[in-house]
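Student: Sequence lines, in order, name chains A and B.
So for the first sequence, the numbering used here puts the first residue at 2; every next one is plus one.
So for the second sequence, the numbering used here puts the first residue at -16; every next one is plus one.
These aren't lab readings, by the way, just hints derived from the structure by calculation.
We put the CB at the ideal spot given by N, CA and C, even for glycine.
Please note that the accuracy of each hint is not assured.
[Said to hold, decoys possible] Derived CB-CB ranges, DEER-like:
hint	chain 1	residue 1	chain 2	residue 2	range
1	B	Ser276	A	Pro377	44 to 50 Å
2	A	Pro30	B	Arg91	54 to 60 Å
3	A	Ala419	B	Phe426	53 to 59 Å
4	A	Thr486	B	Ser276	41 to 47 Å
[What the hints assert, rightly or not] Not everything, but these chain B residues come out facing chain A in the computed CB check (under 8 Å):
hint	residue
5	Gln53
6	Glu129
7	Ile133
8	Ile148
9	Leu155
10	Leu159
11	Val163
12	Leu173
[To be verified] Chain A residues, not near chain B, derived (Cβ > 12 Å throughout):
hint	residue
13	Tyr34
14	Gly58
15	Pro109
16	Ile144
17	Val162
18	Val173
19	Val268
20	Gly272
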Amino acid sequence: MIEANLPLLVPLTFLIPALLIPLIGLRVPGAAYPLALAAVAASIPIAGFGLFRVIAGGPVSYTLGGWEAPIGIEFVLDPLASFLTLLVSVVSCLVLIHARHVVSVEHPDKRVPYYSLVLLLLAGFCGIMATGDLFNLYVFLEISSLAGYGLVAIGDKRSPVAAYRYLILGSVGTGFYLLGTGFIYVMSGSLNMADVARILPHILDQPPVLAGLILMVTGIGLKTALFPLHFWLPDAYSSAPSSSSALLAPLGTKVGAYVLIRILFFVFDPGALEQRVPITSVIAWLSVGGVLYGSLMALAQQELKRMLAYSSVAQIGYIGLGLGMATPLGFVGAVLHILNHALMKAALFLVAGNLRVQLGHSDIAAMDHRLSRQMPWSMAALVVGALSMIGLPPTAGFFSKWYLVLGGIQGSHWVFVAVILLGGLLNTLYFFRVIERVYLPFWRGPSGRAAANGGPGVVENREARFSMLAPTLILAAALLVLGLTSSFLVNRVIHPMIPAGLL
Amino acid sequence: MNDLSTYPSAVPLLAILVSAASVPLIGISARRPNLREFWTLLAAGAKFALVLSLLPSVLANQVAETRLFQVSPGIDLTLRADPFGVFFALIASGLWILTSFYSIGYVRGLKEKHQTRYFASFALCLSATLGVAFAANLLTFIIFFEILTIATYPLVIHKQTPEAIAAGRKYLAFTLTAGVVLVAAMAAVLQLTGTLDFQPGGLRAFRDLSPVAVKILFGMFLAGVGVKAAIMPLHAWLPAAMAAPTPVSALLHAVAVVKSGVFGVVRVTDFLFGPETLSRFGLNEVMLWLAGSTILLASCLAFAEDNLKRRLAYSTVGHLSYVVLGAGLLSPSGLIGGLMHIANHATMKIVLFFCAGAIYVNAHKEKISELDGIGRAMPWTMGAFALASLGLAGVPPVSGFVSKWYLGLGALEGGSVAVVTVLLVSGLLNAGYFVPIVYRAFFKQSENFNSIGEASAWMVVPLILAAGLSLLLGLMPDLFFHFFSLAKQIAAQVLEVSNP
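Just chain B, with the same shape it has in the complex (with noise of 0.2 Å):
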């Protein structure tokens, strides 16, 4: 039941074009602003509808396949939407949707300029995620990942004060030299195996390398993806990147970007190398040591934190070391906790970075410490905001704790306390960092917010839609998009196992 097999389709090409198609069009629109934001919204739903039109035959067992051209001896640039690229596509895809309305409420309320470079970017941004997210090798994976790190810079630094500036040249350096590090270790798997390509359960001739070469090799893989997926200690540009515009923030800073990460480290474990090559090497305790301790470490930077937006950031580190977490732990319930904790964070972190957006626009407040009473002023706002912050924290009903659930489950099946504890901590630290800014903002009393109210409908309509769907993919995981199904196909596949 868990083979695959591959019919051509130019959908999943087609998918990503159509918002690279949309760049020039929203180029020579710079002068009509509302035909410019009309682009956008097209292309971001015709590439929803595009993705969402692959579910079906995925859920069946049937993957769509684009083959493009060779390029390299043997490699051809090749696009595979297999049940774990369809997983990451909806999710990118679907909540660039809610993004493009939010966006156009923001960058209109804060009249910012360059708004032409700032759409265009976007766009380029998605075609390069949904790359990632369908590349059927290593080296296309490869060529749209960098892509992706190329198109996010005009957004890192779209301030241009020096701080943001300050922020891109960190951005780059981090990843431009995961970059050079993933293409080196890929060119020494092509000479070692043989092939690039992408195969659930890993490949097989790693098991005949020697155990250094294996180790070396992952960890250059590691390093690579890492960088993005923001695994302690490379993380440092993650909270530095916030200088970007909140909506930037909300999409790239929690979902495309860093969920390429978390992504790739996905694709690189279970699809390269493989849990089998995984176990035998010892290579997932560390990934699980990694991911445990940047869990721990980013919750209690996140703490020190007053800015709201790098408060969020470091929770995003913590978070994205949960599906790295759940990659390590090599059993079928642990995947499928990381492979939710993909879905699951992004709506809801998506949601907090919106509230933060609209307090900014509002209230121009950046600042924890000057929330007393936004909750009165703002209150779908801060409502949104504290059921998205106590479902990281894992409280049930709110996605979060399907997540959590699925992790401790995973970890209890490999018999291992420690990823229990850590889980748990990091709940309650959780809970520690977010219920404050909740306290401030509905308890607390200040004369700040008296002449405000909500944010315009652009911005307020998709961050309580976000913040219902999280509310919704806790009571039925399965909902809609069936990211609970796909979840159990991926795990199936990788793990070689009939019914998880």
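With the rest of the complex left out, here is chain A (with noise of 0.2 Å):
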């Protein structure tokens, strides 16, 4: 019975508490939090129990309302979407037992709403993952980015106007997706994924059919922020509050990955949508522009949430690389890196937050190294979570990068092994920045003196409380684990995703 619903559970479970919250919270405020928290704990297990199921016994149906699937709605838990939909549980879940105290110095007064809009962003995402039908996605497409700009908006004073351009390219994007569906349903008479699959292939020479295409990939590819559509990314992002930047960036482009996953690679074949136009070629290239483009901004962010987020558009350059290869093994490295950008990005967004409660800003220029005496665990994080991003072993980062560079040798894709390899270089030049700032008393810069001395910067400074210090400190930890379990992933869980199209 409840193998049968498996696919809804999840969104439901974000659902119906989105729903509840307002209606309690105004009575009793301090029921948002626990609320929220009792729903995300509560999608862990039934997650993981999808993503064991289906491994298992093989892909989910069901069909809304009973109306068999090309007329109805179907949803479908297949082990890509099953996968995802547990990362989102986990991840959500740490940061919402960080943002307890990060709200409530950040927005005390805006508790419900922000709760509920989690939830609300949380059912979005993962009605995405679970959804089988092209037109329902774009409606939960709508609900988690609209859930996503009152995210952005509650922060500080930039926010609005960070929130209002996201807002607008977030609603072109859409737009974009939508005309394709369109152009998609014109052409095959159906919206339901896998019956588009079925006729693409007698109609892919249709003009319209490709403009759909292209359509629903630049939407898609502007959610995703993949560059050169980025740009609402870093102002978003970094004025967003904490705790909402830690959940959109580790999360929210990692849903538009799947969406393109699921479009080029499951509706679309790709093997034969690149004899007709080189998508995932140019997917590549672009991805390649992100990588160099997104670390050298990184380079020169003063700030370490926007420094983060340009180094978002590179780490989703990867992504992008590991797709448009279109290799196997390219496959594999993009999946991993979803998770494992999604794990470290959260990590250091989770640090990022410590920083700003504990000292009230995050700027890396005002950082030194009495930081690391005072902070000595959010530090250590820090180090492990930058060491994942650069890619060293035995972290997670190493291993998603290692698929990438077997994926790009096994397409003989040379450029791109030497571009993965490069980034991965760039990374260490902007962390060692920071990390050096952060452990060493003598750096060079213009306010160097200033700090040495004693000038501003609080001194009496603790470690961020407990709540705050276990979700950062377990996904260091993680990074750890999987880095040395990610075999065992790949093998188990990731390979049975690998589309039909690429072996």
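With the hints in hand, could you dock these two chains into one complex?
Tutor: Printed below as a string of structure tokens:
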């Protein structure tokens, strides 16, 4: 009974409390957080069971209202969807544990709408993963996007402007996607993904189909912040409140990447497509630009969250490269990097959140070596996250790059291999810039002398409280554990995801 | 007789883990220095005992293997204590014991800051070094190689002076770039040959590849491991890294890190590509040229350095290439000579660094020009210095002579007169830059050192023990640790000759 309903269970676990929170919260504002946390915590076992069930027994399908597939709306849980759903549940649970104190410091009077929006966002994310219907995907995309605009706008003074830009560009993105879906619907007469995938080979030569595909990919590219459609991201992530950016940065763009995978590899057939429009190659080459541009811009940033945001642009480039190579190992690398990047970005944004709460800022220029004494654990998490971003063994980041490199060599894409490795070195530059500042008393810089003489910057700060530290450290530790267990993950979980068109 | 049989055993893993396990213990004992140093010494002793316990079975062609879990499809994280691995592990773990005692005297003598971080990083470095030694395949090797890079960084920047931080940046720039090149080369090897296992004599699959591919791959590997082996022009980080405290220079920049580099060179040439592939594509010529010019150039550069540690660093650059030269000769005696030089150079150079550190702690002098007459104040220290420097110049009966003798024999076996010339000239150059130091110390006079004596026993005893060891290894190369038997065994395995 439960098994048949699995695809819809996780989105509903988020959606129902999201609607309950405003109702209950009007009377008891304190109930918002426990409700939200309970919903997220409850989703983990459900998503975990879903993954277990799908890996053991194949995809599970559920038709809404009992209307059969091409007519009604189908929800399908396959290995890819169930894996990413579990990822969303786990990361959001850790971020929410961390968020309790951050939210009460940063915007205490907006707790009720905040937690309601968080759950709406997550419901949208998980709905996108679970749905088997192109138009329904658009609906969930809008749900998550609208919640996302709200979450950004709650932040500091600049955030309404950033949120407004995010809103305009996000709407353009979803609009493009909807337009593309319309083209596909007109030509194929169906919105069900599996159904469309069956029909497409017969109509693939029709220009409207290809135009529809390009519109969809452009729209989703905007949502994923695929270079050069990334320009909304740095502003939105750096001016959003810390707990929003810790949720949006690791997960938001990954959901976009998921939709790209779903459309390019499952609805369309990448092999047949490549002969008509070189869309995977275009994505790969744009990603090359993203890796280089994101890394260089990250190097130039003076604010930790902004640096991390540009670093996201680069890391999305890695995912795009893995997909664009269109080789099985590249695909494995991309999916593994979705997982690893979600965890390491979450860890790093939580560290940034700790800094914001404890110091009141996260300016790199104002950090100095006293931080490593005041917040030793947060800084240790920063180092582990940084090593993983650089891609040093035995952290998780090494292994996703390893598969990406193998994928590049498998397809003889030497430029991509070089860019993946060069990107790692650029990561070293911008992360060690921060690490040197945090750990070493002498560093070159305009304000160096001031800091060494005990200038501005509060000395008496202490380490972040346990509820903020624990999720940060769990994520950092996960980076080490996942590195060594990545082979197990690849064999058992990611291998079944590889689309038939790639093998 | 050269067939090795493997048996499952946890000893290689334990030998690696024992010092990593001491890191948290060192960390929680930060407030109690005596307890903290006890953990270091305990870990060092246990590590050496574990490695030593592997020796008898290796000599009987029995190889202990720890197969852990899969890290990439088809590739397990595997540790194998083969003769070469045990050879290197013995040197590194044995000298760690001496260095630990010496470190205690050094950091306390100078009242260094961040001592806990220092001892913890040291322990982690040794774990990584043994991982490099016991790695049974390229992926395992590179994982530990990179851990070693990162674990050494806190030691390089230990003094936290602008100079040390600049050295740290240089170090990371060189080694991390090298790591990236290695990863790319490794991925290409996996794709082309389907395996990453080290095998004595190399992988056969290389012989069927196109010459261009083999040459590019070899270049990438040589650059990747050559940075840590300080092959010119990839050596610049090593003199800069002398900003580190002297015990770090002694163990890491004369033994663990740089020897991991030359160990990597031998692993790659003899266990991955294999001598036959190398000679077929003329790649060993490249190694000989690089090594020969590095030996001569580094010796010349050593003359120009007035800073004692930097002179020692350039000397190290030159001597590391002796090992590369030995691997490039592809003859049994040459390889034996190169391998013996890993052990011999390690013991001799560690003595020299220990001496430099003792001088620094007691007299606060770093420059050679300021050492006039120090031999009278610190006779034991400078006596050991004289012995070790003569050894590096190749004077019998110190151990340096043994390795040079075999290198020379190997060169003659290969009919390479040029290599013999390089060896002889380099011996003279070595004498040329070491003898003036000894001369100043003993035969010149100055008032600088009237009030000082020998450094503390913590420092002098390890120093003399190491000097004695290098003398003993010169007289009896097979003493205690069977370095010579091991070297012979390795050469026999690799070159597939039964009796070199």
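Student: Determine for every hint whether it applies to the structure shown.
Tutor: Cross-check of the supplied hints:
Look at Ser276 of chain B against Pro377 of chain A: about 47 Å separates their beta carbons, and that is inside 44 to 50 Å. A C-beta distance of roughly 59 Å is found between Pro30 of chain A and Arg91 of chain B, which places it inside the suggested range of 54 to 60 Å. For Ala419 of chain A paired with Phe426 of chain B, a C-beta distance near 57 Å keeps the hint of 53 to 59 Å intact. Look at Thr486 of chain A against Ser276 of chain B: about 46 Å separates their beta carbons, and that is inside 41 to 47 Å.
For Gln53 of chain B, the interface hint holds, since its Cβ comes within 8 Å of a Cβ in chain A; the closest pair sits about 4 Å apart. Checking Glu129 of chain B against chain A by beta carbon gives a least distance of about 5 Å; that is within 8 Å, so the hint holds. Interface restraint check: Ile133 of chain B against chain A, minimum CB-CB distance 6 Å, threshold 8 Å, status holds. Hint status for Ile148 of chain B: holds, given a least beta-carbon distance of 6 Å to chain A, under 8 Å.
With its C-beta approaching chain A no nearer than about 7 Å, Leu155 of chain B sits inside the 8 Å limit, and its interface hint holds. Interface hint at Leu159 of chain B: satisfied, since its Cβ lies 6 Å from the closest Cβ of chain A, which is below the 8 Å cut-off. Below 8 Å, beta-carbon pairs count as interface contacts, and Val163 of chain B has one with chain A at about 4 Å; its hint therefore holds. Interface hint status for Leu173 of chain B: upheld, as the beta-carbon distance to the closest one in chain A is roughly 7 Å, under 8 Å.
The Cβ of Tyr34 of chain A sits about 35 Å from the closest Cβ of chain B, beyond the 12 Å cut-off, so the non-interface label holds. Under the 12 Å C-beta cut-off, the non-interface status given to Gly58 of chain A relative to chain B holds; the minimum distance is some 24 Å. Here Pro109 of chain A stays apart from chain B, with its beta-carbon at least about 38 Å from theirs, past the 12 Å limit. At roughly 38 Å, the least C-beta separation between Ile144 of chain A and chain B is larger than 12 Å, which holds for a residue marked as non-interface.
Every CB of chain B lies more than 12 Å from the CB of Val162 of chain A, the least distance being 38 Å, so the non-interface label holds. The beta carbon of Val173 of chain A is kept farther than 12 Å from every beta carbon of chain B, the shortest such distance being approximately 38 Å. Once the 12 Å rule is applied to beta carbons, Val268 of chain A is consistent with being away from chain B; the minimum gap is 28 Å. Taking the minimum C-beta to C-beta distance to chain B, about 21 Å, the non-interface status of Gly272 of chain A holds against the 12 Å cut.
When each numbered hint is compared with the structure, no violation occurs for any of them.
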